[in-house]
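Each chain, letter by letter, is given below.
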Amino acid sequence: MTELVQLVVSGLATGAIYAIAAMGFTLLWQTSGTINFAQGEFVMLPGFFMLGFLVVPNMPLLGAFLLTVLLSAIVLGWGFKRVVVDPMIRHGVLPLVIATIALGIALKHIVKVSYSVEAQPFPNLFPPGVWNVGGVAVSVHDIGVLLVTLALVGGLQLFLARTTTGRAMQAVAQNQDAARVLGIDVPRMILLTFVINAILAATAALLVTPIYLAKFDLGESLGLKAFYAAIIGGFNQMRGALLGGLLIGVLENLSAAYVSHQYKDAVALVLFVAIILFRPEGLLGKAEERRV
Amino acid sequence: MTALLEVRGVSRNFGAIAAVRDVSFACAPGEIFGVIGPNGSGKTTLFNCILGQIRPSAGQVLFAGEDVSGLSPLSLARRGLSRTFQSLQVFGGLSVRDNLIAAAQEFDGSLAARLFARSDAGLSERADATIRFFNLGRVAEQRAGELSYGQQKLLDIAMAFMAEPRLVMLDEPAAGVNPVLVDALKHLLARLNRERGATFVVIEHNMDFVMSLCHRVMVLAEGKVLAIGTPAEIRANPAVVEAYLGA
Amino acid sequence: MNRIGWIVALAALAVLVALPHALRSYGIYLLSLWALYAIAAQGLNLTLGYAGQVSLGQAAFLGIGAYTSALMMKAGLSFWSALPTAAALCFALGLLLGFPALRVQHHYLAFATLGFNGLVYLILRNEEWLTGGTFGIRRIARPELFGVPLRSPLDFYYLCLAALVAVTLMLWWILRSPWGRAFAALRDNPLRAESLGIDIRAYTLLAFAIGAACAGIAGAFYAPLVQFIDPTPFGLTTSLAFLLMVVVGGSGRFFGPFIGAALVTLLPEWLRFAESYYLLVYAILVVILMVWCPGGILAIPDRLRALRTATGARPEPVRS
Chain A
1 MTELVQLVVS
11 GLATGAIYAI
21 AAMGFTLLWQ
31 TSGTINFAQG
41 EFVMLPGFFM
51 LGFLVVPNMP
61 LLGAFLLTVL
71 LSAIVLGWGF
81 KRVVVDPMIR
91 HGVLPLVIAT
101 IALGIALKHI
111 VKVSYSVEAQ
121 PFPNLFPPGV
131 WNVGGVAVSV
141 HDIGVLLVTL
151 ALVGGLQLFL
161 ARTTTGRAMQ
171 AVAQNQDAAR
181 VLGIDVPRMI
191 LLTFVINAIL
201 AATAALLVTP
211 IYLAKFDLGE
221 SLGLKAFYAA
231 IIGGFNQMRG
241 ALLGGLLIGV
251 LENLSAAYVS
261 HQYKDAVALV
271 LFVAIILFRP
281 EGLLGKAEER
291 RV
Chain B
1 MTALLEVRGV
11 SRNFGAIAAV
21 RDVSFACAPG
31 EIFGVIGPNG
41 SGKTTLFNCI
51 LGQIRPSAGQ
61 VLFAGEDVSG
71 LSPLSLARRG
81 LSRTFQSLQV
91 FGGLSVRDNL
101 IAAAQEFDGS
111 LAARLFARSD
121 AGLSERADAT
131 IRFFNLGRVA
141 EQRAGELSYG
151 QQKLLDIAMA
161 FMAEPRLVML
171 DEPAAGVNPV
181 LVDALKHLLA
191 RLNRERGATF
201 VVIEHNMDFV
211 MSLCHRVMVL
221 AEGKVLAIGT
231 PAEIRANPAV
241 VEAYLGA
Chain C
1 MNRIGWIVAL
11 AALAVLVALP
21 HALRSYGIYL
31 LSLWALYAIA
41 AQGLNLTLGY
51 AGQVSLGQAA
61 FLGIGAYTSA
71 LMMKAGLSFW
81 SALPTAAALC
91 FALGLLLGFP
101 ALRVQHHYLA
111 FATLGFNGLV
121 YLILRNEEWL
131 TGGTFGIRRI
141 ARPELFGVPL
151 RSPLDFYYLC
161 LAALVAVTLM
171 LWWILRSPWG
181 RAFAALRDNP
191 LRAESLGIDI
201 RAYTLLAFAI
211 GAACAGIAGA
221 FYAPLVQFID
231 PTPFGLTTSL
241 AFLLMVVVGG
251 SGRFFGPFIG
261 AALVTLLPEW
271 LRFAESYYLL
281 VYAILVVILM
291 VWCPGGILAI
301 PDRLRALRTA
311 TGARPEPVRS
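Chains as they are written, first to last, in our numbering: chain A, 1 to 292; chain B, 1 to 247; chain C, 1 to 320.
Accuracy of the hints is not assured; some may be wrong.
Said to hold, decoys possible - DMTMM-like cross-link-like pairs, simulated, lysine to aspartate or glutamate; straight-line CA separation at most 20 Å:
no. : chain 1 : residue 1 : chain 2 : residue 2
1   : C       : Lys74     : C       : Glu128
2   : A       : Lys264    : C       : Glu127
3   : A       : Lys264    : A       : Glu3
4   : A       : Lys264    : A       : Glu220
5   : B       : Lys186    : B       : Glu164
6   : A       : Lys264    : C       : Glu128
As the list claims (entries may be wrong) - Label-pair restraints from in silico Cβ distances:
no. : chain 1 : residue 1 : chain 2 : residue 2 : range
7   : A       : Gln174    : B       : Arg55     : 22 to 30 Å
8   : B       : Asn178    : C       : Leu285    : 39 to 47 Å
9   : A       : Leu70     : C       : Leu267    : 32 to 40 Å
10  : A       : Ile211    : C       : Leu102    : 32 to 40 Å
The set of hints was computed from the structure by calculation and includes no laboratory data.
Using N, Cα and C, we set each Cβ at its ideal position, and we do this for glycine too.
All chains should be built: construct the whole structure from the sequences, respecting the hints.
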């Protein structure tokens, strides 16, 4: 029983990171129809940004993180939209899919060539250590990750529901034409989602890099799982992305412990296939009528 | 007179909203049957119920005496019930001729036989005749995606008739089409009806189009049948005038 | 295909027959690899380019084909029984993979097939009793044909080339039949296709199955070509490479995969000096190509013509 609880908690922590990346994925899809195959690399790269900033003497981790958020917002938010998405979105989904795949490869190799092929150690935001809560040992890192994720999700939900800008963004996600009629600056809202996605990715990097170490291929399975999480939860629902991510994290942990460690990575795929066969709108999603 | 298409008490609800309420009508072979009504009167929902895109909440659809309620669009097409869509739906990457052949090639023989069939599936002559009939001769070898809107519209409608269906349901054929072409379209459809006995059901906003083309017209309002009759009867019906024409 | 197409194809074939005599064994090996990649890429071109179904699992089928032929030959069976088995197995698995495609489109499908590839990779790596795991399968023999052993690189190259010609003719036959038109109709507008009596379910499944079978055939030849297989070449990277081959060459153009496969197999060799920058340069070139001419290399003439006749004309959209 104790073991089960420990597995669930650490699974939740892993899942929370999938969920953050998945939420960014969902946002981009909702507002601009962009499927970002480079999402995993969007999490990998900020890790290296932070390492770069940490070279500066006496730079605190949080300072490096804030600078990274800024740099990510510019490069992976604004830059990505301007250079890759904008020129291509009118050609339909496929060229953009190909382009983001190629972008992912390019980002990996930029890091490989310019930084290192080897995994780099990365400082942890949270102190090492284990708390004992009623006989259950939970690592401080896991709790920290969960708290940061909760704060992030809560903050994002508040922003979307309570602020004028947030509500305008939701309107754009639901119906661009209607939003335009209401006088909402649609292009600006779309740009904002790209920036938010970049910030989410930078945060995920802060949480995940200490565990997996900064390595050029860090994003490979992360991006895939973020996508699966988004689908499993429901692609048109932010809460869905959260649920999907947590579910994958927990089930991966449990199946690694009780079923097969070697097939841990298949868990997300199996869930995903089950979802698209039996409930394609996702666990929390609303069915979209087939459009002409 | 046995009806080719008979709709019996079809209703469709979306949540608490009744989009179509207890609609019944029948369309005889050789007839041109029009469906009009203001926006939101349930025309498109009714069409989708008949054509298997959505499932009616209640009621029955009979085609040539057979209950076809809830059959898939594919089964309906194979039974000879063809349709067009409100928006343009052509195969943009194929030539006009290939669009037409594609529209009819799946009706004879088995899937396996088609792998070994002639490339044109024996439909070149029929495609040529259709191209002539719809005045598409100059663009026959062009990719459909490169044609003008009007030409694509003609092709779109021509495709619905290629397989020589028993009934064609046209969803707003005149929408977005310039007045000259609307007129040409009307004459082409009337000729198809006169010369080949083609039967069709037309949903349309364009009043003149419906009134001058159709033999009988059904008026929908708020999902219900307001009146069914000849164009002259419809024009004279006070309820219709009040609900729709007068506006 | 018109007369010019045939003349170009025959001329290219003549070059392919003559060329290896001017090459060393490594060059012949590369050319053989190109032929096999072109087979698999042509299959993907049918699935993706003609029928519009995104598949990122082509390397998995290459792997299944390769392991099938390697294991059957290790078990003492002939290559000529392994080849049809590999093709049939991949055809069946392709059908199976097509089922999600009946429910979802585009990006969902891309990730579903990518996931399938990941799963196959895991199985190849983990089921050591069958596949040898990361140790792989060694010393795979090259086949005989009518009692003549095809051991030399040159002999085996001609076998690969013959397979390429056979598969190309088969696909040409399929695509010129009414099936080809039905695939294109499925790609361009499934909704309309269905309303015109085209069984989009059947054609979707067929598109996946035929594409997969091509990769299975390529894989069956791949094992005796390299003579040692492990899971590495059948991972996601190779699947993405196949996708790039199809799209860069010109998705939905008959000869696109030949050019795409050449770029992916031969370019790295020429760009050896660039070492690890190669993939970076390649990826950036793909992004530029997609931005400027999403129809691929074979669409560049059309694109230039469009630019000349109407400035600001938009390139053809790629439908999927």
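Cross-check of the supplied hints:
With a CA separation close to 15 Å, the supplied pair Lys74(C) and Glu128(C) stays within the 20 Å bound. A distance of roughly 14 Å separates the Cα atoms of Lys264(A) and Glu127(C); the hinted pair therefore holds under the 20 Å criterion. Between Lys264(A) and Glu3(A) the CA atoms are separated by roughly 18 Å; this keeps the pair inside 20 Å, and the hint holds. The hinted pair formed by Lys264(A) and Glu220(A) meets the criterion: a straight-line CA distance of about 15 Å does not exceed 20 Å.
This hinted pair checks out: Lys186(B) and Glu164(B) have alpha carbons roughly 19 Å apart, not beyond 20 Å. Distance hint between Lys264(A) and Glu128(C) is fulfilled; the C-alpha atoms sit about 17 Å from each other, no more than 20 Å. For the hinted restraint 22 to 30 Å between Gln174(A) and Arg55(B), the CB-CB distance of approximately 26 Å keeps it satisfied. A hinted range of 39 to 47 Å holds for the C-beta pair Asn178(B) and Leu285(C), which are about 44 Å apart.
The hint said 32 to 40 Å for the Cβ distance between Leu70(A) and Leu267(C), and at roughly 38 Å that hint holds. Ile211(A) and Leu102(C) have their C-beta atoms about 39 Å apart, which keeps the hinted 32 to 40 Å range intact.
Checked against the numbered hints above, the structure violates none of them.
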